[in-house]
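Protein chains in written order, with my numbering: chain F, 1 to 370; chain R, 1 to 370; chain U, 1 to 402; chain S, 1 to 402.
Because the hints were derived from the structure by calculation, they are not lab data. Hints are supplied without guarantee of correctness; some may be wrong.
[What the hints assert, rightly or not] PhoX-like mimics (lysine-lysine), calculated; alpha carbons at most 20 angstroms apart, straight line:
hint: 1; chain 1: S; residue 1: 120; chain 2: S; residue 2: 232
hint: 2; chain 1: S; residue 1: 394; chain 2: F; residue 2: 256
hint: 3; chain 1: R; residue 1: 256; chain 2: U; residue 2: 394
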Amino acid sequence: MAVLNEEQRLLRDMARDWADQQSPVSAFRRLRDSGTPGVDPATWQSMANMGWAGIVIPEAHGGSNFGYLGLGLVLEESARTLTASPLAASALGAASALVLGGNPEQQARYLPGIASGELIACLAIDDGPRHQPQSFSTRASRSDDGWVLHGSKAFVAEGGQAQLLVVAAETDSGPALFLVEVDTPGLERAARHLADARDHCALQLDAVVLPEAALLGAAGDRKLLDAVLDRARIGAAAEMLGMAVQSFNLTLDYLKTRVQFDEIIARFQALQHRMARLFTEIELLRSTVEEALAAIDRDDPELPQLASLAKATANDTLHLMSREMIQLHGGIGMTDEHDAGFYLKRARVLENSWGNASFHRDRYARLCGY
Amino acid sequence: MAVLNEEQRLLRDMARDWADQQSPVSAFRRLRDSGTPGVDPATWQSMANMGWAGIVIPEAHGGSNFGYLGLGLVLEESARTLTASPLAASALGAASALVLGGNPEQQARYLPGIASGELIACLAIDDGPRHQPQSFSTRASRSDDGWVLHGSKAFVAEGGQAQLLVVAAETDSGPALFLVEVDTPGLERAARHLADARDHCALQLDAVVLPEAALLGAAGDRKLLDAVLDRARIGAAAEMLGMAVQSFNLTLDYLKTRVQFDEIIARFQALQHRMARLFTEIELLRSTVEEALAAIDRDDPELPQLASLAKATANDTLHLMSREMIQLHGGIGMTDEHDAGFYLKRARVLENSWGNASFHRDRYARLCGY
Amino acid sequence: MTAQEAAPGGDALEVFRRDVQAWLQENFPQELAGQDNPLAAIEGNAPASPAAQAWKAAIGSRGWGTPTWPREYGGGGLDHRQAKILNEEMAAVGAWNPIGGMGVMMLGPTLLEFASEEQKRRHIPPICRSEIRWCQGYSEPGAGSDLAALQTRAEDCGDHYLINGQKTWTSGGQWADWCFALVRTDKQRKHDGISFLLIDMQSPGVEVRPIQLISGTSPFCETFFTDVRVPKENLVGEENGGWTIGKRLLQHERTNLSGGAAGRGGRGGGSLAKIGEYYLGKNDAGQLPDADLRTRIARFEMRQRAFRLTAQRVLAEARSGAPAAASSILKNVGAELTQERAELTLEMMGLNGLGWEGDGFTPQELMATRGWLWGKAVSIYGGTAEIQNNVIAKRILGMQGE
Amino acid sequence: MTAQEAAPGGDALEVFRRDVQAWLQENFPQELAGQDNPLAAIEGNAPASPAAQAWKAAIGSRGWGTPTWPREYGGGGLDHRQAKILNEEMAAVGAWNPIGGMGVMMLGPTLLEFASEEQKRRHIPPICRSEIRWCQGYSEPGAGSDLAALQTRAEDCGDHYLINGQKTWTSGGQWADWCFALVRTDKQRKHDGISFLLIDMQSPGVEVRPIQLISGTSPFCETFFTDVRVPKENLVGEENGGWTIGKRLLQHERTNLSGGAAGRGGRGGGSLAKIGEYYLGKNDAGQLPDADLRTRIARFEMRQRAFRLTAQRVLAEARSGAPAAASSILKNVGAELTQERAELTLEMMGLNGLGWEGDGFTPQELMATRGWLWGKAVSIYGGTAEIQNNVIAKRILGMQGE
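With the hints as constraints, model all of the structure from the sequences given.
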């Protein structure tokens, strides 16, 4: 069970201040209005300067090896204000794939860049609009001195700004992860505009020829795939926790100022009890997220269950919270000039990433043997 | 869609007055305290005198052929005050089996007694504690001039007072229903005391020899079985509607009199909104029950869906209502001297009879082809 | 039964049916069959084709767009059975009723009940022909659920009022010719200081700004009134007596909204299970492979059916004179179903159901996203879900206390 | 960290552990190993075996039944790390703590904080040895959630109070030797007219009637006080100052209740999935054949895990000085889980899970019925779920207004 130590608390407070001051929601709004979804190099530079891109990367490769609980705190705080950055994709997702599955050459080649923020990398796993990692239609076949990939990927988060992709494909011996630089011949990217106005893209892989050195770990190593995915799931849950907290706080503030029937509506008991319930749900969510993050750091054999617990809880909680945020704001929350819609839209994108609640409940039950 | 005609409304009002005056909950309490669960011949005689035992039985056999919607109204009203009677078992369940599946001889032999209330009959379908009509472990084998039954039945409602049982058994050609008089050799009954303090019993069938004339309809006629079961399900839903209505009304009355914090607690908005929701659910339930009853009368091909809709809705609604009844009454509702516990206990017995909500949701989806 | 006996008997109805058939044959342009666009109310005015214009003119001049309204004010003068036949015959040839909007749904019935003879003769016939578009000037930034807190001021200037203030959520304000508005004519009293005014949107001093919603562009506006002159002949009912009129109009709105939800549920764009089959396939047992989702779809579809049965029951009971359950129930359950359906659809589509624009999405997927977001409003407008629950608790259940 | 450094170091703890082991070897009767009965609190006093009596006497005289209470009042005087070691070693040999009840959970901590030195010396040591059983005289028929509305009157008669009134839900009243009660010493003031009294249940004028619950016989009673004389030395704190003391005691109760739920969840009688497997079997995929039920079991078990993690986090944060989330949250979620678990169990057992008595049911099934019904109380006693939500909204979220 996770209790923050002094350093972790300092990191969280720093991230919180940074998000409030350097990356408030108004920054995301400007980005959205600018028409270049999801990319603000200056913000990412600022985050990288704080060392956040290297939190889970060994010191030998330029990181701080501070652990996933630490990175989770930063993800939570930066997502709280809807910071549009590749932190989850690059510093958590792709970095995890390299740390867990990379050989010394691969790590030495890519990790320092990821740690410094100069190299943006991301995961390209799902072939379709739903999370289905049991098998991939993207195929990798052996060639003379390496591999040839055919297929496509849908909705690669931060794929438009990435220079390195960690691509999942099916081989004869099972699933495998490949390091694919974006300028590799045969690879095409196309932007996909989702409701959250972030950077997503589709990939087309048309006879993409890769050297043997592009393979991460061994072909058919489902454990590696699962380990990487569980980290991505927990990272998304941490982001969702931050969003739920902020949605709750904005709603609470509104209820405390909005007057109807000559009364501050925070005094209406029906609303009080709904807020009490939401607060309770968010407290439960926090426990599952922090526990799952700590479980990565202590290499807990129950990590898969805890990852599914955190992601399913995050989905249910943020789903409810984002609906209640709109409803409790009334008309004003329906307008684009209010931030509520941003949280709602981003919530659903994360809910549908890395497995929805059904997926994770089913997985949890299977892992528990029923 | 069901709209009551004048005669149906008169019948309902009569049943309502009768229940309030002749069969209030205090009558059930006396019965419970008497230690002979579920049997009060005088009450049943009074109901039979009103003609309620013959509502769905043709006039030729002594009934009024008034239809299932009419019977449903009486079931609702009599269950509203927890009347302990074999109305659902005999006048709905067993009578339906004979009306739908009986040949002229069988009908002439049994229906007049059921219609007059002198003969109490009931259904004995499930072998175990859960509703599983897909197959039966009770077996019926052909003998020289009839059938031999082996097996057991669990929780036959009103089985202790019945003289005639409609027993489901598996034959070589599929399920079948048999008319078994309770004094048939090889049949043993044992009382089962459930929390609702009603009449339930278990049957043991040990080489019960029956003549050919004991078979209802044809062996393997699953449609007959389903049609009988759907009537029992809808009847249970009608009873549950009555219980939900009364639970709601008792709770509403309590909230309007209970004072805490110098305020009638009906004025607390959180309670108002919960009651508004419960009221809404009960209105929806009423629509599904009346529609399902009317669907029997008009021989609607969608009856199976509508039966599952009514029973699942009844289960969900009464489950919620019975929980809220206790919670909103606070401590007093936990005491045996208050009636709330009676409703809670009876609710769960009916929820677990003729298929729970999961069963009926699954069935509904299958009937709709998904 | 008495109402039926007073109306034309069975034979007369058959004659009427044949008249309708003949009239439709003559007046409904066959090329329009089935081309109704249910989203027109949200998406605003697409330019109508000549055929559509002709159809609108034909039905409008016959009064059959408002079939049960009195003939003297341009309505059809039909009874309910005739109106039903008209609906049936229109449906049979793929025709629909192009006469609608706030004038028909809300203002017309209200004017019929409260307006002066002169006001009826002036304002109702153009509504029956859909010549004049109306918008609703009710809500203000500080007066949402607490509508009676409205502050837009109408100052008595002898033969006219001078209007100053701001309205919001004026639906269709950017396209409207006229606005029916609640304004404050007495600052000292809350409910009893409100009047019901008809305002020409062309008047100097009226400014309209469309509101951008989370779902994109919208038919809603903010409307600003700066020293707008409104002749006193445009006051409906008594001065300071507008609250009663305004509330009655809201009842028409609520009935239409809940009926609308029932209708949407009815036509509903196919079953959710079909969408699920398309995106998830089926397993060997012929079921959706996601058992959790399958259960929730069944829950939804069963609840939707219970809702529709309730809507029908309420309608039938209202007709037969039995006590009707309240429209508040239908409003809330209808809103919940609309939103739940959208959430389930989106869940099945996965990230494809969150497409905003551009390549990679089917038109259905892009519409799913916008519809999902737009649908969040249905539990807010026309009285929030919370207000409906207050109404149920206080008016139906008597939980007010005292 | 500072607390740890002030306490005995690692070596001293190892010495302590060996002492505990030796002491248990000598004092815990091996035949009792694992025979703890968690339902004793509900079912009342079964006659204790000689071995159980010996074990209770031994641990009581050592003070280890109340390990962290001061030695001078009969406690163990241990720090938290030592208490943890004691727990571990007791668990290792199947021993448990027989010193409990309301005296330990609620009254003792309250007396330690508020009572006079004389009261502490008189009342705490018997609690540590479980010699005196206490019951709680708080609720009254008209004072449930609104506890401060209590009317039981304590009239000042010089050297004693004269008590008249009725208490309800006095848990264990029929077995109790003493009662700690809130009584009214000033009719004019609500909260400030309440005093905290210790009442000998043997006093003339005390009458106890057990309450029959929906689950059958119960440990709860109605207690009637008729001209009961209570010496003034039994007043804890100031006259009219009892509300503060009474509320603090309720905090101990709430902490114990939520901890209890976490504990119950923890030991919990095996997973729901196992019960499901027993009653429903498994399908070819090794899953429960009822997919809807399986989903709800997964939901339940995941929520239970989230709850346990939260209980641990709250405890750890409280220890490390970080802000702790409120006990109200744990109380509500714990109650919800207790009830949901019972409902799911019952659903899986079908009608077997509703057995009341007699043949045809396993003991587990009969216990499931009673436990299910009894469990309906956990969201009512110790502050209803509604009261906890009020507390969360007002104290934590600051939604009181003004």
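The hints, checked one at a time:
Proximity of residue 120 of chain S to residue 232 of chain S is assessed by CA-CA distance (about 15 angstroms); at most 20 angstroms being required, the pair is judged to hold. About 12 angstroms separates the Cα atoms of residue 394 of chain S and residue 256 of chain F, which keeps this hinted pair within 20 angstroms; it holds. Between residue 256 of chain R and residue 394 of chain U the CA atoms are separated by roughly 12 angstroms; this keeps the pair inside 20 angstroms, and the hint holds.
The structure fails none of the hints (numbered hints given earlier).
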